[in-house]
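From first to last, the protein sequence lines stand for chains W, Z and G.
Residue 124 is where the first sequence starts when you use our numbering, and the numbers rise one by one after that.
Residue 2 is where the second sequence starts when you use our numbering, and the numbers rise one by one after that.
Residue 638 is where the third sequence starts when you use our numbering, and the numbers rise one by one after that.
Some hints here could point you the wrong way.
What the hints assert, rightly or not - Straight line, CA to CA, 35 Å or less: simulated DSBU-like cross-link-like pairs of lysine-lysine:
1) Z:Lys38 <-> W:Lys496
2) G:Lys661 <-> W:Lys720
3) Z:Lys64 <-> Z:Lys38
Claimed, not checked - Chain W regions said to be covered by chain G (calculated; three or more residues, Cβ under 8 Å):
4) 270 to 283
5) 339 to 348
6) 361 to 372
7) 560 to 569
8) 575 to 586
Said to hold, decoys possible - In silico contact screen, one side only, chain W against chain G (beta carbon under 8 Å); selected entries:
9) Phe261
10) Val265
11) Glu289
12) Gly640
13) Asn643
14) Ser734
By construction, these hints were calculated from the structure, which means they are not laboratory data.
All C-beta atoms in this analysis are idealised placements derived from N, C-alpha and C, irrespective of residue type, glycine included.
Each chain, letter by letter, is given below.
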Amino acid sequence: MNIQNFPVLAVMLLFLSAFLVEIFGSKIAAIRNFITIVAVTVSAALIFALIPAVLIKGEVISYWMGNWEPVAGYAIGIGYEVDALSLFFALLVVCTFWLSAVYSISYMKDDHHLGHYYTLFLMLSGSVLGLVLTGDIFNMFVMIEIMTFASVALTAFRNGTEGALEGAFKYLVIGSIGSSLNLAGIALLYAECHTLNMAQLSAILSGGLSPTTVMAFALIVAGFGVKSYMVPFHTPAADSYAVAPTAASMVFSGMVNKAGVYGMIRMVYIVFRAMDASALQMLLVIFGTLTMFVGVTMALAQHEFKRLLAYHSISQIGYVIMAVGLGSTLGLTGGLFHAMNHTLFKGLLFLTAGAVLKQAGTTNLDALGGLSKRMPRTTLYFLAGAAAISGIPPFNGFASKWIIYQAAYTKAVESGNFLYVIVTVAGLIVSVMTLASFIKVTQAVFFGQLREEHAHVQEPPFLMRLPMFLMALLCSAAGLFYPLVNRYLLHPAVDATVNVTNYIDKMMGDGYAAAAGVTNIPVQEVQFSFWDPLLWLVLFVVVFVAAAVVIMAGKGSRGRVLEEGAVADPKYATFFSGEQELYSQVGGSDLFWGFKKNWKAYYRVMDKLHSGIVTDYTNMAVIAVGVIVIVMFIFLI
Amino acid sequence: MPETAQYILWTAFYILIFPGALFTSVVGLFLAGVDRKVIAHMQRRIGPPIRQPMYDFFKLLGKETIIPHAANKFVFLAAPVIGFVSLAIIMLFIPIFGFTAVSGSADLIVILYLITIGGVALIVGGSASGSPYAGIGVSREMVTMMSYELPFVLVLLAVARKVGGSTLVFSMEQISQWQVENGHMLFQWSMIPAAIAFLLIIPAEVGMQPFDVAEAETEICEGPLIEYSGAPLAVFKLNTAMKMIIMTGLFTSLFLGQFRTGYYWADALLFVAICTVLTILCMTTVHAVTARLKIEHLFKFYWTIVTGLALSSLILVWLGL
Amino acid sequence: MMIVNYIASFVLIALGLYTVCTKKNLIKIVLGMGLIDYGVNLLIVSFGFNEGGTAPIYQLSDLLNGVASGYFVDPVPQALTLTSIVIGACVEAMALSLVIMIYRKYRSVNADEVRRLRG
C-alpha cells in the first residue's frame, strides 16, 4: 500500500459507505451498524497511519486525482495535500466521528429511518475530512457545501421535535450566505491567479496582494467566519446544536466548526500569508473576543442544557479565533491546542447531555436535578468535562487557556497596544463565567433534589458510556502530558503553518517556493513554565493522603432508606428549617439572577439581537461581512 | 537517582510542612483567632483565646460525619480536600520575603487559578449536598467570585506591568527582587489605587462580612456549608482560615516586598506579623463596623468602585507613571 | 462587453442580499439565496470568457499542428460554474422542502412567526 493514497482512500471510503448504508442497511440494523463502524474505523486507521510520516518525519503527502500533475507550472488537477496542519485537524475529525458513530449505535436506536441518519452522518464525516485534507480551494468549497447540506439535514433529522425544522432552516440560510461568500472569493482569486491549488496560490500571493485579491481575501475570511460561527454569524450554531440529535451535535461542535477554523488558519496563514498585517490581527482578535464574550454571556442566560453547551461552543471558538489572530507562533500553538481541547471536552459534554436526554427524557434545566444519584458515572464524566472547559488544572483546558493568555500578554507587551490587555482580561473573565455557567448546570442537573419522575433513571448503556469514558481520559491525558502533545502534534502543525516552502514544493516541484520568494522562519519551542511531572506526582500523592485522612477521620455514615424513599433517621435528611418539603425557589436555570439583574441593559440588547427571526440574523451577518470587507480594504491595500 | 529522591523529599517538605499545608493551616488558624479576639475587644468583650479556632478544628475532626441522603457522597467528601490541597499549594508560590519554595515564570496566574479552585471546591461541595439552601449559597458564592475576579486580574496585571517596564512579569520572584531594588510597591504612587483595590478584595475572597453573602448564617444557614458536619466541615473552616493568610500574604509579597532580614526564620516571623496587621486592618475592622450586603450590591460595588480603582492603576502604569 | 456581466452579477448579488435581509416570507428568502448564487455563478463564468474566443474543444493533433494556436475561453470556470449550479439547486430544493415542512408544522411561512428558538 502506498502511503500517498491513504488520505484520498479515507475520504472516498466514507462517501462510498454513505451510499452502501442506504442501499443495504436501510432495513436491518446490524448491517447498517456494521458498515458504519467499519467505514469510520478503517478511515480513522488510514489517517492514523499517516502520523509517522507527517508529524514525526515532517513530510508532506500529496496525491493528484487522476494523476493530473501540474503542466507548465500550472496546477490544473485536483490535488490532495496533507501537511502537519491538515493532519492535526484530520486527527480531530476522525476521533470525533469515530466516537460519535459508536455513541450513535445506542443513542439513535429508537429512532426511525436510521438509514438516512447514517448516510448523512457518513457524508458529513467524509466532507469534513475531505475539507481538511484537500489542497484545492474549489474542492474545499464543494466539501463545505456537502458539509452544510449534511449538517442541515441532520439538524432536521428529528423533525418531530420542537424547533428542529426551524433550526435547520436558519442554519441553511446563514450557511448558504457563507458558502456564497466563499465561492465569490474563490472566483475572484481564480480571476487574478488562474489557479485553484492552494500551494500555488500561496506562492503567487506571497508577492503581495492586489485590490482583487484583497477583496477575495475579505470574502473568504467572512465565509470561513460564518463556518466557524464567530459572532455575529453564531446564531444558527446555537439553534442547530440544540435541536440536532446529540450524537450529531457532538459532531457539529467537534469538527464542523473546526472546519471553519481550519479554513481560516489555512487562508490567513498559508494561502494569503497576511498575518503580519496588524489590521488583520486586530480584526480577528476583536471578532474572537466578541465571540467568546457574547457566547458565554448568552450561555449564562440559557435554561436548556444543549443550547447552553452550544453557546459555550461559540464562546470557546472565540478563544481559538482570538489566539490564531494574534499572529504569533505562541498564539497559534494556543489556538490549535484549544481547538483540539474544545473538540475533546465539548464532545464529552454533549455526550453527557445526550445521556441525560436519553435516560431522563428532557434537557430542560428547570425540570432536572439530583441525577448524580442515579447516573454517578455520567456525573463524573460531566465533571471532568466541566473542569476542562472551565480551565481547571490538571485538565487540558487549563493548559491551552494558559498558553492563550501568555500569547495575548506577550502580544500586549510587544505591540504596546492596550487592546491586547483588554483581550487578556476578557479571556480570564470569560473563563470565570464559563465556570459559573457549568456550576449552574452541575447544580441544576446532577446535584440538588432528585425529582420523583426521575427516581428510576438508569446509567446509559455501555456503548454510550465508552465514548464518554474515552473522551474524559483524553481530556485528562492532554492536560497531564502537555509536553508530549506539544512535541508530536502542536509543534509540527505550527511549523507547517508558518513555514510553507515544503508545502509548496511538494505540490509544485522543488524550487518553486524559492523562486516565488517564500522563505522559512524557524519556530521556537514553546516554554511551558511551571510544567514539572515530578511536582505533579508529589501533588497527587498528597491529594490521596489528604483524602484518605478525611475519610478515615470522618467515619462518614449515611442512613438506611425506607421503602417509600423517606429517610429512616431524620438526621440524614436535608435541612428544611421545619418545612415538610422544599424545592429551591431559584430554578436551576436562574441560579445567577444576581448577576443578570446587574446586567439588565446588556441582556435586553442581547434578547433583541437573538430574536429568532431569520431576517434579523441575515441582517447581522450581512453587516458583519460589510465591516470585514471595508476594514480589510482600507488597511490591507 | 539520589538527586531525584532529594527533590521529591524537598517538594514533599514544601507541600506538607513549610510553607505548605502545616504552616498555612497553623498561621491561618492563628489569624482567625486574632480576628475573633480583636473583634471581641472592639465590642467590649473578652472573647475566646487565640487558640480557639484550633480547638474548634480538632473538636470537629472527632465529630461524626453525616452524609445527607440527598448528597453525592464522593463529591461531597472530595470537595473540601481538593480545596485544602489547592490552598496549601498556593503558599509554595508566594515568596516569604527572601524565601520561595517554587518559582516559575508565571506564578501569578497559577496563584489566581488555585485560589479560584479553593472557591470552586466550596461551590461544588455545597452543590453536592443537595440542599436548596446550599443551592442559593452556591449561586451567591459564584456571583461573588465573578465580582472580585475582574478587579483582581486588573490588579495583578498592573503589578506585572509595573515590574516588567515595557514587558509583563508574572514571576513572584522577580516582583520580589524588583521591590528590593526599587522599594515597596505600595509606595509607588501609581500603584496606590491597586493596593486599595486589593485590600477591598481580600474580605470578599475570604468570605468575611460584609461580603459573606454566600454563607449568610441568618438568612440561608451558612449556604454551601449547611449540610456539612465533622471532618469535612473542619476542613472547610480550615480552608477559610488558610485563605486569610494566603490573601494577606499575597498582598505582603506584592506590595510590601522590600523587607529582608537575611534570616529565613526572621523573615517568616515578620511576614506573619504583617499578615496579622493586615488581617486586623482589612477584615476585622471592616467586619466590626459593617452589615452584610445584598448580592446585587456586592456585584455592583466590585464592578464599579473596585474595578475603577484597579483600572486607574493599570492605566497609570501603562502610561509609564 | 464583460463589464456588463460584472455589473449584472453585482446587481444580482445585491438584490439577493436585499431579499434575504428584508423579506419576511420564507420562500422569498429562499429565492434570495438563489439570486446570490446566480450572481456568483455569472461572475465565475464571466471570468473565464475571452472576447472572440472559441470553445476549448480540440484534439491533440489540432494543438500539435497549430490549427488551434490561439484563442479559446478558459474551460475551468465553466466546470466550476456547473458544479456550483448543481450544488445551488440542491440547496434550494432542500430549503424549499424545509419550508414545506415548516408550513405544515407552524401553519405559516412568515419569518416573524417562525421563531420558537430564540434567546
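Structure-based check of each hint:
1. Z:Lys38 <-> W:Lys496: With a Cα-Cα distance of about 43 Å, the restraint between Z:Lys38 and W:Lys496 is violated, given a limit of 35 Å.
2. G:Lys661 <-> W:Lys720: Within the cut-off at roughly 33 Å; holds.
3. Z:Lys64 <-> Z:Lys38: The given pair, whose Cα atoms are some 25 Å apart, holds under the 35 Å limit.
4. 270 to 283: Result for this restraint: holds, n = 6.
5. 339 to 348: violated (count 0)
6. 361 to 372: Answer holds; 4 residues pass the 8 Å Cβ test.
7. 560 to 569: violated (count 0)
8. 575 to 586: Coverage by chain G is violated for the segment 575 to 586 of chain W (0 residues, Cβ < 8 Å).
9. Phe261: For W:Phe261, the interface hint holds, since the closest Cβ of chain G sits about 6 Å away, which is under 8 Å.
10. Val265: 6 Å, holds
11. Glu289: Since chain G brings a Cβ to about 5 Å from W:Glu289, closer than 8 Å, the hint holds.
12. Gly640: 26 Å, violated
13. Asn643: 31 Å, violated
14. Ser734: This hint holds: W:Ser734 lies near chain G, its Cβ roughly 6 Å from the closest one there, short of 8 Å.
Of the numbered hints given earlier, the model fails hints 1, 5, 7, 8, 12 and 13; all others are met.
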